[in-house]
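Peer 1: Starting from the given sequences, assemble the full structure and let the hints guide the process.
There are 2 protein chains.
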Amino acid sequence: MDKKGKIYVVGIGPGNKENMTFRAYNTIKESDIIIGHKTYIALVEKIFPDKKTVKSAMKKEVERCEETLKLAEEGNVVALISSGDAGVYGMAGIMLEVAGDSNIDVEIIPGVTSSNASASVAGAPLMHDYVTISLSNLLTDWELIKKRVALASEGDFVISLYNPRSNGRPELINEATEIILKYKSKNTPVAIVRNTGRDGESCDITTLEKMLDFEINMFTTVIIGNSKTFIKNGKMITPRGYKVD
Amino acid sequence: MDKKGKIYVVGIGPGNKENMTFRAYNTIKESDIIIGHKTYIALVEKIFPDKKTVKSAMKKEVERCEETLKLAEEGNVVALISSGDAGVYGMAGIMLEVAGDSNIDVEIIPGVTSSNASASVAGAPLMHDYVTISLSNLLTDWELIKKRVALASEGDFVISLYNPRSNGRPELINEATEIILKYKSKNTPVAIVRNTGRDGESCDITTLEKMLDFEINMFTTVIIGNSKTFIKNGKMITPRGYKVD
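Residue numbers (our numbering), protein chains in the order written: chain S, 1 to 245; chain Z, 1 to 245.
Just so you know, these hints were derived from the structure itself, not from any lab.
Remember, predicted model here, so these are calculated numbers, not experimental data.
Fair warning: there could be bad hints in the mix.
You can't tell identical chains apart in this list, so a pair holds if it fits in one copy or across any two.
When the alpha-carbon atoms are kept at most 30 Å apart in a straight line, the in silico DSS-like pairs for lysine-lysine are as follows [said to hold, decoys possible]:
#1 LYS59 / LYS6
#2 LYS147 / LYS186
#3 LYS232 / LYS210
#4 LYS186 / LYS29
#5 LYS232 / LYS4
#6 LYS38 / LYS243
#7 LYS210 / LYS60
#8 LYS228 / LYS146
#9 LYS147 / LYS51
#10 LYS182 / LYS147
#11 LYS4 / LYS146
#12 LYS228 / LYS59
#13 LYS6 / LYS232
#14 LYS59 / LYS147
#15 LYS3 / LYS55
#16 LYS70 / LYS243
#17 LYS60 / LYS232
#18 LYS243 / LYS60
#19 LYS51 / LYS17
#20 LYS52 / LYS70
#21 LYS243 / LYS232
#22 LYS38 / LYS210
#23 LYS55 / LYS38
#24 LYS60 / LYS228
#25 LYS29 / LYS46
#26 LYS243 / LYS147
#27 LYS228 / LYS70
#28 LYS186 / LYS243
Peer 2: The structure is reproduced here in structure tokens:
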């Protein structure tokens, strides 16, 4: 083999070049092949129109990693891209698992994850202790997710929900909201941020009681405040505890 | 006033240019003045040696925001910098609070937060539901922090600890570890990542039982796995749930 292959799992941030790190950009630029879900390949092709790409489908994550490994074993430097941060419900873990017994080096390039990018659109709701929970029950038992939602609410954590509503199980967020309402006030501020950093970005600031009246889909992050979170000038702020006059 | 001032609260990531987003870089480049804690001003001055800067001290966060507001009211475009993501235990919330009643626009620029950057060094420990808890009791009641540590452990969340050990209260992490050990196995993998993205970056992968034997300071992120987290080829991986052969 003339050239040693390598795998980079690259968190590209919310999707536009602006929110990508220099390291992510340079890594993709210097790779031989970019592989990823077709939605994110389409975003990256706008930035790197001349790169060789491999598009993969949803629910084909293991196959995508196997293909990445094969390409690297053939001597290619491969950038496996993942939206947001590759290590948060992304491709980093599964790629490390798949490459585990090979001789191929895997390097993870961090990125701006969706809860941080979405929080910045809403104001500063994650300024204190927070949890990140995915409401997708494709790979996780719904009973465990519900237990986590309850304990996070009991602990007065700010809660950032990923995958808040799927087409397949739209009722899960209703159940989750009912659980949260047992612990948090119905007036708790909530931010609903859609398409963060992409075309069509939008944000609604509302309350726990009213949040289900707003559009929530799989491209939405829902951030539910703690007991101290407030709204000021249309921004959602969770105080860190500093005394402000 | 000839020029309208504006405030950008900029998350610069772990500290080097590589892990900064294009948006953060361009915002700082186009600002009139950069203000921030002296440690981070020193990092940014390496990237922008000709910029006008204002250095501020630790525990002077409110004063720093007041000075930022004053500079913006004088017509300056000001970049208030914050390490990691400005919205995670950073300057975003306090700046929005201080600027609340002014006419100055405040925009938050997200960055790669310390737990995501540190996770990428350790492998992929944050691949499933996780909590972010600061062990600093400067602004938060220690009883509340302990309650959150217990509930996060009971919920089998991955736990990312910020400010894990201060010089003033080095014993807090010992207490926190005792609480976690009531719920999580002593063999739970733990990553201890120091100076992420900076000179002297280092990472130890160990277990919950042994983690206190390792060096932990205020420039450390400690990531404690869930019941499924494992170590493979020296990398800490929390599985998302995909079936890997």
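Peer 1: A separate judgement is required for each hint: does it hold in the structure or not?
Peer 2: Checked hints:
no.	hint	in the structure
1	LYS59 / LYS6	within (24 Å within a copy, 44 Å between copies)
2	LYS147 / LYS186	both (20 Å within a copy, 22 Å between copies)
3	LYS232 / LYS210	within (18 Å within a copy, 45 Å between copies)
4	LYS186 / LYS29	neither (48 Å within a copy, 43 Å between copies)
5	LYS232 / LYS4	between (54 Å within a copy, 22 Å between copies)
6	LYS38 / LYS243	between (48 Å within a copy, 22 Å between copies)
7	LYS210 / LYS60	neither (36 Å within a copy, 38 Å between copies)
8	LYS228 / LYS146	both (23 Å within a copy, 18 Å between copies)
9	LYS147 / LYS51	neither (44 Å within a copy, 50 Å between copies)
10	LYS182 / LYS147	both (13 Å within a copy, 18 Å between copies)
11	LYS4 / LYS146	neither (46 Å within a copy, 48 Å between copies)
12	LYS228 / LYS59	between (39 Å within a copy, 21 Å between copies)
13	LYS6 / LYS232	between (48 Å within a copy, 18 Å between copies)
14	LYS59 / LYS147	within (25 Å within a copy, 37 Å between copies)
15	LYS3 / LYS55	within (24 Å within a copy, 48 Å between copies)
16	LYS70 / LYS243	between (56 Å within a copy, 18 Å between copies)
17	LYS60 / LYS232	between (43 Å within a copy, 23 Å between copies)
18	LYS243 / LYS60	between (50 Å within a copy, 11 Å between copies)
19	LYS51 / LYS17	both (15 Å within a copy, 24 Å between copies)
20	LYS52 / LYS70	within (16 Å within a copy, 50 Å between copies)
21	LYS243 / LYS232	within (16 Å within a copy, 46 Å between copies)
22	LYS38 / LYS210	neither (34 Å within a copy, 43 Å between copies)
23	LYS55 / LYS38	within (5 Å within a copy, 45 Å between copies)
24	LYS60 / LYS228	between (42 Å within a copy, 22 Å between copies)
25	LYS29 / LYS46	both (13 Å within a copy, 25 Å between copies)
26	LYS243 / LYS147	between (35 Å within a copy, 23 Å between copies)
27	LYS228 / LYS70	between (51 Å within a copy, 27 Å between copies)
28	LYS186 / LYS243	within (26 Å within a copy, 39 Å between copies)
Against the hints set out earlier in the document, violations occur for numbers 4, 7, 9, 11 and 22.
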